[in-house]
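**Q** Go ahead and model the full structure; you've got the sequences and the hints to work with.
Per the working numbering, the sequence shown starts with residue 5, numbered consecutively.
Since the hints were derived computationally from the structure, they do not count as laboratory data. Be careful, since some hints might not be right.
Computed spacing ranges between beta-carbons, pair by pair [as the list claims (entries may be wrong)]:
(1) 172 / 9: 28 to 36 Å
(2) 104 / 11: 47 to 55 Å
(3) 52 / 142: 27 to 35 Å
(4) 192 / 22: 45 to 53 Å
(5) 121 / 98: 26 to 34 Å
(6) 121 / 164: 25 to 33 Å
(7) 259 / 129: 50 to 58 Å
(8) 250 / 204: 18 to 26 Å
(9) 11 / 133: 26 to 34 Å
(10) 259 / 185: 25 to 33 Å
(11) 41 / 79: 20 to 28 Å
(12) 137 / 258: 28 to 36 Å
(13) 43 / 163: 19 to 27 Å
Mimicking DSS-like on lysine-lysine, the simulated pairs with C-alpha atoms at most 27 Å apart in a straight line are [unchecked claim]:
(14) 185 / 259
(15) 185 / 116
(16) 207 / 40
(17) 40 / 116
(18) 116 / 259
Ideal Cβ placement from N, Cα and C applies to all residues, glycine included.
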Amino acid sequence: MRPGDTPRIYTTNLDIRREFADLRAGDVFIGRLRLKATEESLLVDLLDRGILLFPSALSQLLCRSKTMQARVYAPEMLPHTVAVHDQHDMLETVNLYQRHNITRLVTKHDRKNAGMGIHLWRDVEEVFSHSSLGSLPFPFVVQPFVENSRDIRVIMLGDYRESYIRSNPHNFRNNLHCGGKSTPCRLTEQQLTLCRRVMERGKFPYAHLDLMVPATGETYLAEINLRGGIRGARISPAEYLRQVDIIHRRYLSEKSGKSTAFPEEKNSET
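**A** Set out below in structure tokens:
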């Protein structure tokens, strides 16, 4: 940016796409960029040109890809959770699971949400066969199946926080979309520390986190996203959007040193 230039603030995908070629270092985009999978490399171009993104480019990429989460958050996830990108990765996973006598497992499609991309398998050889024959497309995540684990959804929005257990006695998929029920719960200090560490690692200014708690008592990260369904949560849709808006405005105020008004619009992510 040239001396004296004022950073331009964009809050709609329509505007930033229209002026993409003319963006300057220091310009700011607030919200989630709507990108096709084959457009995600544009984030590299924006970062290289000095465009400021909020939420961060890293958080936006992480919430779009379960395989990326499995790689970045391997220390926080259930042991032997792996990202499988091709047949070579699958062969290594077969060896890993056989070596540790892991039988039942789940796979998670890279780009599906709400429990719709999760499949249960009797053993790793089944996964190898289906992926080899093309009925299970790459990439995907492989994870040991843990029976009777608790599923905790955590919503972190600045000063607002709530958590609740999701359960489904008729389906191992606890998502409320799949028929699960929610019960409010209180996080332990260790669980809260885990959430904060995960958010800091991925540069998430706010997040929905899913935690897995096996019967043995440990807590692992299952998934993180910038946005998610709030069915079962106490917070209303209107209050949720208000809290996100507060976080966005606070970021702009810190960057500019003064209160910044957003342009009037119906949806800041359109």
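**Q** None of the hints should be skipped; say for each whether it holds.
**A** Outcome of the hint check:
{"no.": "1", "hint": "172 / 9: 28 to 36 Å", "result": "violated (54 Å)"}
{"no.": "2", "hint": "104 / 11: 47 to 55 Å", "result": "holds (52 Å)"}
{"no.": "3", "hint": "52 / 142: 27 to 35 Å", "result": "holds (28 Å)"}
{"no.": "4", "hint": "192 / 22: 45 to 53 Å", "result": "holds (48 Å)"}
{"no.": "5", "hint": "121 / 98: 26 to 34 Å", "result": "violated (21 Å)"}
{"no.": "6", "hint": "121 / 164: 25 to 33 Å", "result": "holds (29 Å)"}
{"no.": "7", "hint": "259 / 129: 50 to 58 Å", "result": "holds (53 Å)"}
{"no.": "8", "hint": "250 / 204: 18 to 26 Å", "result": "holds (20 Å)"}
{"no.": "9", "hint": "11 / 133: 26 to 34 Å", "result": "violated (54 Å)"}
{"no.": "10", "hint": "259 / 185: 25 to 33 Å", "result": "violated (42 Å)"}
{"no.": "11", "hint": "41 / 79: 20 to 28 Å", "result": "holds (27 Å)"}
{"no.": "12", "hint": "137 / 258: 28 to 36 Å", "result": "violated (53 Å)"}
{"no.": "13", "hint": "43 / 163: 19 to 27 Å", "result": "violated (34 Å)"}
{"no.": "14", "hint": "185 / 259", "result": "violated (41 Å)"}
{"no.": "15", "hint": "185 / 116", "result": "holds (21 Å)"}
{"no.": "16", "hint": "207 / 40", "result": "holds (22 Å)"}
{"no.": "17", "hint": "40 / 116", "result": "holds (14 Å)"}
{"no.": "18", "hint": "116 / 259", "result": "violated (35 Å)"}
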